[in-house]
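Spelled out from the first residue to the last, the chains are:
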Amino acid sequence: MQSLGIDVLFKGKNFARLLEGLWVAARVSLISSAVSILLGIFMGILMAGKNRIIQGIFRVYLETVRIMPQMVLLFIVYFGTTRVFGWNLSAEYAAVIVFSFWGTAEMGDLVRGALISIPKIQYDSARALGMDEKSVFQYVILPQTVRRLIPLSINLITRIIKTTSLIMMIGMVEVLKVAQQIIEANRRTSPNAAFGVFAVVFLMYFIVCWPIGRAAAYLEKRWAE
Amino acid sequence: MDMEIIRQYLPLYRDALFLTLRIGWYGVFLALAIGLVCAMIIRFRIPVLRTIVKAYVGLFRNTPLLVQLFFIYFALPKIGIRLSAEFCGSLGLGLLGGAYMSETLRSGLESVAKIQEESAESLGMNRYQAFRFVIFPQAVTYSVPGILANVIFLLKETSVFSTISLMDLMFTAKDLIGMYAKTLECLTLLVIFYLIMLLPVSLLGYVLERRLRHAEFGD
Chain A
12 MQSLGIDVLF KGKNFARLLE GLWVAARVSL ISSAVSILLG IFMGILMAGK
62 NRIIQGIFRV YLETVRIMPQ MVLLFIVYFG TTRVFGWNLS AEYAAVIVFS
112 FWGTAEMGDL VRGALISIPK IQYDSARALG MDEKSVFQYV ILPQTVRRLI
162 PLSINLITRI IKTTSLIMMI GMVEVLKVAQ QIIEANRRTS PNAAFGVFAV
212 VFLMYFIVCW PIGRAAAYLE KRWAE
Chain B
5 MDMEIIRQYL PLYRDALFLT LRIGWYGVFL ALAIGLVCAM IIRFRIPVLR
55 TIVKAYVGLF RNTPLLVQLF FIYFALPKIG IRLSAEFCGS LGLGLLGGAY
105 MSETLRSGLE SVAKIQEESA ESLGMNRYQA FRFVIFPQAV TYSVPGILAN
155 VIFLLKETSV FSTISLMDLM FTAKDLIGMY AKTLECLTLL VIFYLIMLLP
205 VSLLGYVLER RLRHAEFGD
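As given, the protein sequences belong to chains A and B, one line each in that order.
Here our numbering is used: the first residue of the first sequence is 12, the next is one more, and so on.
Here our numbering is used: the first residue of the second sequence is 5, the next is one more, and so on.
Treat the hints as calculated values from the structure; they're not laboratory data.
None of these values were measured; they are calculated from a predicted model.
Beta carbons are placed, not taken as given, at the ideal position from N, Cα and C, and that holds for glycine.
There could be a bad hint or two in this list.
Per label pair, the in silico range of CB-to-CB distance [stated by the list, open to error]:
hint, chain 1, residue 1, chain 2, residue 2, range
1, A, 230, B, 204, 34 to 40 Å
2, A, 130, B, 126, 31 to 37 Å
3, B, 59, A, 202, 25 to 31 Å
4, A, 196, B, 15, 39 to 45 Å
Turn these sequences into a full structure, and let the hints steer you where they fit.
What follows is the structure, given as structure tokens:
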């Protein structure tokens, strides 16, 4: 039985390089998640409001982002806008723009959903107790919304992490690209390295996303009334 | 925007669309089959298999399709499993989708009220009959919106097929941009062709969801 390439990972700095690649993907995910959550909260509050025009605009935005594969959006921003408007955009900026644009829409929809899922009786009861509008929101609506929202936004973050693997397609050197480079460089000494290296990348994503998903499931269960 | 260029490129995109649809639909059917089997294994609490299914669902829901495809296409041949690119595409999509479908179907099965099963049994049905004629049809009704959302998700995910050298829409666009630099035309066609593929499914999902909600609550 020939070696399946696990040894290649421990040669030189290979494993550290792989982790660096993972960090590149993680950095894009983290920045995009942060932007998405902040803008998404803002958008969700606007969407839950009564203004029909704002609702319509966000609806169109949301459906447009939802129906297009993220890869197409990435191509439009990275190749399309740079050509049409003639600006320079690094791959990382393009990635952050696209994933934030998409994440904001999804987050906005989650916030809207959480806000309108609070039964009207909660507002009425709080008012009946003599609370003013600010207290109603602060002590009754907000805590319930946040509880519903946190597990859902954690799941959105894992989706963003998984989707950032696409940045390889616009030439960013992230974990998959590094894996390919390592395999290429060791083609002669270890022709089967692809198995071990890709298996490790597979596991890396799992090790990152699985605990986050579990945390979301745990919180959801704990906070369910 | 150059209309002549668009006319020239149209057949290329059309072929790519057919390829994407073919692999995509095989993938979706595979996903449904895997999802159904997994959901039933969990429902009937079959020992051992249940643990395997849970591990599989966890593994495939927490990794990107791109990584899964790389593993199937580049890593498996090293241990002697050689598959064609098209088959890898469908298989990867099917495995990813199976994990999502099984969750959707499982929660569909769970939302059928317990009393339905008890009533079926009190009518003298055995466990199989109760599942086949009472539980399953209702569970499918509950699951349809989720299933269609998964189908759209899977069809969108086909956009990574170009990495395993399948000439899908993404591949065609990237290739043409690289060769002739007609970026605007290529990207416009790309968007239009993805809309042709995804809009009907999306609309179907919308209509069915309304219908089902209507069916559930009656007239």
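Hint says 31 to 37 Å; check whether the CB-CB distance for residue 130 of chain A and residue 126 of chain B agrees.
35 Å, holds
Taking the CB of residue 59 of chain B and the CB of residue 202 of chain A, does the distance hold inside 25 to 31 Å?
30 Å, holds
Taking the Cβ atom of residue 230 of chain A and the Cβ atom of residue 204 of chain B, is their distance within the range 34 to 40 Å?
37 Å Cβ-Cβ, so the 34 to 40 Å window holds.
Is 39 to 45 Å a correct range for the gap between the Cβ atoms of residue 196 of chain A and residue 15 of chain B?
The hinted range 39 to 45 Å holds for residue 196 of chain A and residue 15 of chain B, with Cβ atoms some 40 Å apart.
When the structure is compared with the earlier hints, no violation turns up for any of them.
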